[in-house]
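Visitor: Protein chains in written order, with the numbering used here: chain A, 1 to 306; chain B, 1 to 166.
There may be inaccurate statements among the hints.
[Said to hold, decoys possible] No farther apart than 30 Å at their CA atoms in a straight line, the calculated lysine-lysine pairs in the DSSO-like style are these:
id: 1; chain 1: B; residue 1: Lys-49; chain 2: A; residue 2: Lys-214
id: 2; chain 1: A; residue 1: Lys-180; chain 2: A; residue 2: Lys-119
id: 3; chain 1: A; residue 1: Lys-180; chain 2: A; residue 2: Lys-214
id: 4; chain 1: A; residue 1: Lys-214; chain 2: B; residue 2: Lys-45
id: 5; chain 1: B; residue 1: Lys-59; chain 2: A; residue 2: Lys-214
id: 6; chain 1: A; residue 1: Lys-180; chain 2: B; residue 2: Lys-49
id: 7; chain 1: A; residue 1: Lys-214; chain 2: A; residue 2: Lys-119
id: 8; chain 1: B; residue 1: Lys-59; chain 2: B; residue 2: Lys-45
id: 9; chain 1: B; residue 1: Lys-53; chain 2: A; residue 2: Lys-135
id: 10; chain 1: B; residue 1: Lys-53; chain 2: A; residue 2: Lys-214
id: 11; chain 1: B; residue 1: Lys-53; chain 2: A; residue 2: Lys-180
id: 12; chain 1: A; residue 1: Lys-180; chain 2: B; residue 2: Lys-45
id: 13; chain 1: A; residue 1: Lys-135; chain 2: A; residue 2: Lys-192
id: 14; chain 1: B; residue 1: Lys-59; chain 2: B; residue 2: Lys-49
id: 15; chain 1: A; residue 1: Lys-119; chain 2: B; residue 2: Lys-53
id: 16; chain 1: B; residue 1: Lys-59; chain 2: A; residue 2: Lys-180
id: 17; chain 1: A; residue 1: Lys-119; chain 2: B; residue 2: Lys-49
The set of hints was computed from the structure by calculation and includes no laboratory data. These numbers were taken from a predicted model, which means no experiment stands behind them.
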Amino acid sequence: MQINCKEILVPCLSSRPLCQPLFCLLLSLAFTPTMKAQENPYFVAYDHYLEEPGNLEIEYFSTFGTQRGGNDFHSYWMEFEYGATAWWTTELYLDGQTTFGDSTIFTGIRWENRLRPLKREHFINPILYIEYEHKNGADKILKEGEGHDVEADFLTPNSVARQEIINEIELKLILSSTFKSWNFTENTLAAKDLSNSPWEFGYALGVSRPLALKASARRCSLCAQNFVAGVEMYGGLGDRYHFGLHDTSHYLAPVVGWNLPSGWTLRISPGFGLNDNSHQFLLRWGVSREISGFGTMVEKLFRGRP
Amino acid sequence: MKILGTLTTFLGCSFILFMIQAQPPRAFASPQKTKEESAYSEIGKAPEKARSKRNPLEKDRDAVAAGQILFEQHCAECHGDNAVGGRKGPSLRATEIQNAEPGAIFWVLTNGVVRKGMPVWSKLPEPQRWQLVSFIKSLGATPTKTEPAPAGPSQPRSMDSSLPRR
Chain A
1 MQINCKEILV
11 PCLSSRPLCQ
21 PLFCLLLSLA
31 FTPTMKAQEN
41 PYFVAYDHYL
51 EEPGNLEIEY
61 FSTFGTQRGG
71 NDFHSYWMEF
81 EYGATAWWTT
91 ELYLDGQTTF
101 GDSTIFTGIR
111 WENRLRPLKR
121 EHFINPILYI
131 EYEHKNGADK
141 ILKEGEGHDV
151 EADFLTPNSV
161 ARQEIINEIE
171 LKLILSSTFK
181 SWNFTENTLA
191 AKDLSNSPWE
201 FGYALGVSRP
211 LALKASARRC
221 SLCAQNFVAG
231 VEMYGGLGDR
241 YHFGLHDTSH
251 YLAPVVGWNL
261 PSGWTLRISP
271 GFGLNDNSHQ
281 FLLRWGVSRE
291 ISGFGTMVEK
301 LFRGRP
Chain B
1 MKILGTLTTF
11 LGCSFILFMI
21 QAQPPRAFAS
31 PQKTKEESAY
41 SEIGKAPEKA
51 RSKRNPLEKD
61 RDAVAAGQIL
71 FEQHCAECHG
81 DNAVGGRKGP
91 SLRATEIQNA
101 EPGAIFWVLT
111 NGVVRKGMPV
121 WSKLPEPQRW
131 QLVSFIKSLG
141 ATPTKTEPAP
151 AGPSQPRSMD
161 SSLPRR
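All chains, full assembly: derive it from the sequences and hints.
Guide: In structure tokens:
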């Protein structure tokens, strides 16, 4: 859809040069073409499929977690995932959380990059992952299990926990295979707080499959082909000095994703702690929308039409 | 703290600038690029084993209709609504595609042309990729600008054919 910004923009914006492209960008998002996403249902594990080049996926994820000996919490993050090329996807995260009976706070940002080193499909497909995190100690999104992170760490009140600033680099090796339409993925993680802390390790495993393999000859939202179901497991593996399962938390979570033809994807996942160090129950859900041709749209807005 | 703030701002600005600057590579799409040679060369790289694969849905009457829906959802953005080529992807009605073995098209779909901007489509289950192949092969050839018209003109399949809609 072509949008003539000059006809839509209110006159006051014309006097502010920066407002015009930004307002137009936001307006364009509402009308921009979408593309049916074919997303995996995972919340923590990654497979080897990257964002299509030029597309932007805007995602919101939410996690409700129980807390023994303290207040339950609700954490959430916004994710902007952009396909820079067919072999490089970059993402920006904004994280926050609400601890019931305490407060709601913004907890930090993450900048994530995933790179595909091999140009063709193989039985095992490696993806290199590098992420920079700038967050505070009150972060509760549980996007990965790492080191000796345990449930008791979340007992600290927000006002105290937020004082701790964490700058962390996280590296992952993602090994993913698709065999007979089943996806199997194995992620190993190494994270380093840029202060004087040891390397911490973690893992995530996932398996998933679409509920139907053939596409229907009719357009439909509730067809089995639009649903992907699976299970993921993740947890910490200690740190450089104490590697292993001692004092680590682990979770098992069934996952379901629903890819709507309109470009929206819905995901839900109840997660269960597997040992006494884990939260007993996590309920995650997420909604995302893929915007095709976002790169082209931004280019037109900022460079003008040829 | 000041250093951290500066670093955060730098990262944020880098991300925004990157979004503006980074565009998908156009080599795969550029119509000026040594013409179709570069765009279609990948199909010739399909190994013999892949080429010899037969389309298991060849006789499935719904395969073309299902493939058309899949094409509109996943491929039309780059290859154009009528598969005649778009800003990022070449025409799929070209003789290079229409004369290619179904197995070769399936191989390109599965592996993508990652270095030239086409993503890997193995995330679509195998039957859906074959449905896409059925649809692409049903389009019929349309001569590209650089090649002579075939003796018997083929009628391209219209993308506007009415599909059952819910």
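Visitor: State the violated hints by number, sorted upward, taking the hints as numbered earlier in the document.
Guide: 9
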